[in-house]
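S.K.: Here's the letter readout for the chains.
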Amino acid sequence: MTDKTVKTTPSEKKDNKFDLRQIFEGSYNTLLPLLAIFTGLVIGAIVIAGTDATVIEAWKNFFQAPGAAFAAAWTSIATAYGALFGGSLGNPKEILAGIQAYFSTGDSAALLKSIYPISESLVTATPYIFAGLAVAVGFRCGLFNIGAEGQFFMGALGSVFVGYSLKGLPAIIHLPLALLGGIAAGALWGAIPGYLKAKFGAHEVVNTIMMNWIGFRLSDWLLNGPMKAPGYRPVTSAVSEAAELPRFFPDPLRLNWGFILALLVAWLIYWLLFKTTIGFEIRTVGANPDAAKYAGVNIVRNFVLAMVISGGLAGLSGASQVLGVDHWVGQGFSAGYGFDAIAIALLGKSHPLGVVLAALLFGVLRGGATRMQSMAGIPVDIISIIQGLVIIFVAAPGIIRWLYRIHPAKNKQALQSRG
Amino acid sequence: MPVLELRGITKSFPGVKANQDISLTLEKGEIHALLGENGAGKTTLMNILYGLYRPDEGEILINDQKVDIEGPNDAIARGIGMVHQHFMLVPVMTVTENVMLGNETTKSGVFLDREKVSQRIREISNQYGLEVDPEAYIKDLPVGIQQRVEIIKVLYRQADILILDEPTAVLTPQEVDGLFKIIHSLIDAGKSLIFITHKLKEVLHIADRITVLRLGKVVGSAIPGEVDEQKLAEMMVGREVNLVVNKKIAEPGAAVLEVKDLYVPDERGNPSVNGLNLDVRAGEVVGVAGVQGNGQTELVYALTGLLPIKSGSIHLSGRDIHKCTPRQIIEQGVAHVPEDRQKHGLVLSFPLLDNMVLCTYYKPPFAKGVNMQEKPIAENGTGLVKQFDVRTPSIFVAASTLSGGNQQKVIVAREFSRPIKLLIASQPTRGLDVGSIEYIHGRIIEKRDEGTAVLVVSSELDEIIALSDRIAVMYRGRIVDILPAGATKEHLGLLMAGVKPEDIPDSAKQKSAGPVEKVF
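Which chain is which? The protein sequence lines are A and B, in order. Take the first sequence: its letter number 410 is residue 410 in this note's numbering, and every next letter is one higher. Take the second sequence: its letter number 465 is residue 465 in this note's numbering, and every next letter is one higher.
Within a straight-line C-alpha distance of at most 16 angstroms, the following computed EDC-like cross-link-like pairs (lysine to aspartate or glutamate) qualify: (1) B/Lys363 to B/Glu331; (2) B/Lys181 to B/Glu30; (3) B/Lys343 to A/Asp290; (4) B/Lys17 to B/Asp56; (5) B/Lys116 to B/Asp133; (6) A/Lys293 to B/Asp340; (7) B/Lys199 to B/Glu460; (8) B/Lys421 to B/Glu331; (9) A/Lys293 to B/Glu267; (10) B/Lys28 to B/Asp64; (11) B/Lys247 to B/Glu446; (12) B/Lys139 to B/Glu150; (13) A/Lys293 to B/Glu331; (14) A/Lys275 to B/Glu374; (15) B/Lys199 to B/Glu234.
Which chain A residues stay away from chain B? Per the calculated CB distances, all over 12 angstroms, these: (16) Glu94; (17) Arg217; (18) Lys228; (19) Val325; (20) Trp402.
Hints in this document: simulated from the structure, not taken from any laboratory. Just so you know, even glycine gets a beta-carbon here, dropped at the ideal spot from N, CA and C.
My request is simple: use the sequences and hints to build the entire structure.
M.R.: Spelled out as structure tokens, the structure:
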């Protein structure tokens with residue numbers, strides 16, 4: 001292989017921060033997830049049409065009326081996706097009408113009703129952002145934190161405990177304390193497997209899964225015993241109002257400060273990972289632990305630190321759900337946020353901005369799913385299929401490259417081979 | 001009639017012409033050496049011949065028949081076999097299993113017929129003097145024997161044209177001698193051979209004909225009797241090359257590194273450094289010579305804090321450092337050019353500027369508190385790229401995109417650019433081309449002349465002799481003898497092979513052209 005760098009002297013291009021190849025690789029990195037989402041939606045459409053009884057009926061008569069067969073398929077898909085995105089983003093016409101009504105009459109009822117779908121999507125996206133960041137920080141340090149689910153649950157319990165047990169504090173003190181309670185509980189749940197890995201070499205995948213089970217069963221006991229609210233149901237008391245994340249709009253809109261907090265924390269994690277020595281060490285350990293050791297980086301400390309941060313973020317995810325949306329915790333509260341977070345971190349390439357975007361996508365899909373079921377009669381599970389497909393395509397980019405005939409990676413590899 | 005002919009082969013990758021109009025012929029029973037620096041296009045050309053790439057232009061003829069090679073299996077079917085630089089063997093399988101892998105001989109369609117294959121391996125082994133036990137597991141075999149297994153794999157598939165890609169890069173001097181004997185027996189049996197290398201002495205020793213590539217083009221061909229090393233090196237690099245390291249006589253100062261009775265177990269707990277004593281003084285280069293696997297790696301790891309010691313002491317300027325962490329040792333002024341640049345030396349996925357501050361990222365001016373300072377880091381990267389002549393389009397590209405020589409320059413730049421009193425360079429030029437070797441050797445001597453104590457560990461005797469002011473020979477975890485700079489290769493070779501210093505004949509200590517000398 002001829003070294004492509006031979007002809008370029010360093011002085012020619014050295015100050016050019018926006019090197020062409022960088023831009024190309026950057027766009028290539030964002031292109032793949034976008035194509036993965038697109039492909040997932042296309043295949044999802046085929047599944048929707050293929051399971052629709054009217055469509056199947058129309059296709060039985062394909063040779064008599066091919067136009068009708070395609071029309072039936074199109075109608076089915078358009079109805080489903082129309083309901084999905086209408087249910088998650090709202091109807092633009094209604095939103096416009098709502099704005100007009102608000103400015104002409106000062107009545108906000110129509111506007112609030114029209115933005116309810118977006119509000120719900122963002123509410124769903126909020127815990128996804130925190131939990132996605134949690135898994136992403138682990139990935140950056142070379143750790144696979146499957147325990148976000150358990151850490152999420154522990155975080156929820158930690159924050160709800162601080163939320164209902166303390167009385168009479170002002171919000172400015174009570175809310176941060178409740179959030180910290182969630183972070184601390186999640187961080188503890190992450191620190192244990194981190195310490196076990198660092199000290200004894202126990203694999204974090206196994207240990208985080210085990211910690212999930214311990215967390216679930218511990219919560220069963222807590223919800224039926226020490227933390228149980230008066231009454232017969234295994235739920236906690238509601239947190240005091242001072243510990244709630246304030247909502248922006250009146251009921252039923254549940255969008256709250258948790259979403260803004262999530263964006264701030266995403267920026268904080270970006271700063272931590274890419275602008276500080278702490279992040280440099282975490283990323284070095286993740287990218288090449290041997291080189292990290294050679295450079296004098298304390299690998300053991302970074303494993304524990306990354307798991308503490310990861311667990312803390314997952315705990316904050318649970319706290320945001322409790323303090324912003326539910327205000328109390330019941331059995332089976334966590335509902336898979338921690339597991340979806342793995343998919344979100346993968347889809348977002350473990351980059352905070354990517355995680356935010358992926359979490360928004362998941363929020364939209366989840367937010368619209370219920371509406372799709374009620375309006376178009378498409379089961380909610382189709383969303384799981386689309387999510388699953390997107391993750392497969394992101395995890396195996398070779399499929400997307402083959403599908404769309406993109407080959408930059410191959411050439412790049414060739415450039416690396418020695419002469 | 002040539003058995004193989006390449007006509008006008010051209011192959012481009014985006015932004016690079018890897019091969020431009022390359023033509024060459026291989027006669028029956030010939031050893032044709034393909035010489036060139038890293039990145040000259042040797043491997044691309046051979047990958048085309050082996051069917052891994054398709055040429056953009058040009059044609060390949062085998063026995064005067066135009067052929068279109070569609071892949072490795074096609075190449076094998078046409079009698080072309082390749083022995084890769086990095087072996088393609090499964091360590092936990094036996095020689096027989098490795099040889100039959102991908103081409104399994106079976107009984108009644110499903111059961112592996114190991115006996116038949118072993119038998120065939122023994123036949124091949126006897127015919128060419130390969131001496132390999134078909135039942136041995138690959139993981140138990142030394143590198144030299146593993147290479148023979150690769151050769152057997154090729155012969156088992158009945159190749160007539162053998163391509164050896166940098167076959168001597170991983171071998172000890174004795175193993176190289178053995179390989180050359182095997183090559184001669186292959187030629188005697190009518191095989192033809194393409195020998196890819198960048199080692200000049202080997203080429204002159206073994207080749208019948210030499211073709212030199214530079215930047216993807218043929219720049220000339222030669223016959224060993226008619227050229228010398230200097231001429232070949234100039235053809236390869238494209239300018240005059242200084243093959244001898246010019247250096248003044250060392251003016252050693254106080255001892256910087258003092259190692260006493262050092263015992264170090266390796267990562268699996270086996271003793272590897274056994275009671276080693278060694279001093280390195282300021283302003284001198286001490287070379288550690290020895291066949292690989294005699295504890296050199298563990299010695300360097302112990303000195304740099306990467307491996308705990310069992311007993312003994314390591315003093316740096318009088319301070320005991322044997323309990324220090326790698327960071328504490330770095331901060332006391334020790335630089336380490338590691339043996340494996342991709343494992344320890346670089347974070348391949350990080351851009352150059354980050355790799356340039358791998359050991360100093362947390363210190364001013366690169367960081368204020370926890371905040372990393374982008375501007376000083378970029379300036380440091382830009383400055384070092386220029387100062388150390390790293391060929392790269394930008395300091396923002398990942399280290400993985402650079403050639404081996406340039407990757408090594410990044411490490412050298414980083415380690416040499418901070419204030420140091422001890423430099424530990426392990427295999428500093430392994431796998432590098434002549435131009436880069438010349439450059440790195442010059443820099444090492446420069447450091448010595450600035451008063452740095454330098455410890456060079458290398459399995460290349462030439463390198464040890466060229467750089468060292470004193471040569472310590474390491475055998476089974478000890479320094480068996482320390483010789484002055486003018487020691488002969490024969491003398492060193494006998495010590496490396498385990499002969500006791502008092503048993504070395506006087507004849508070996510004088511400069512003479514012994515058998516080892518001819519090859520190296």
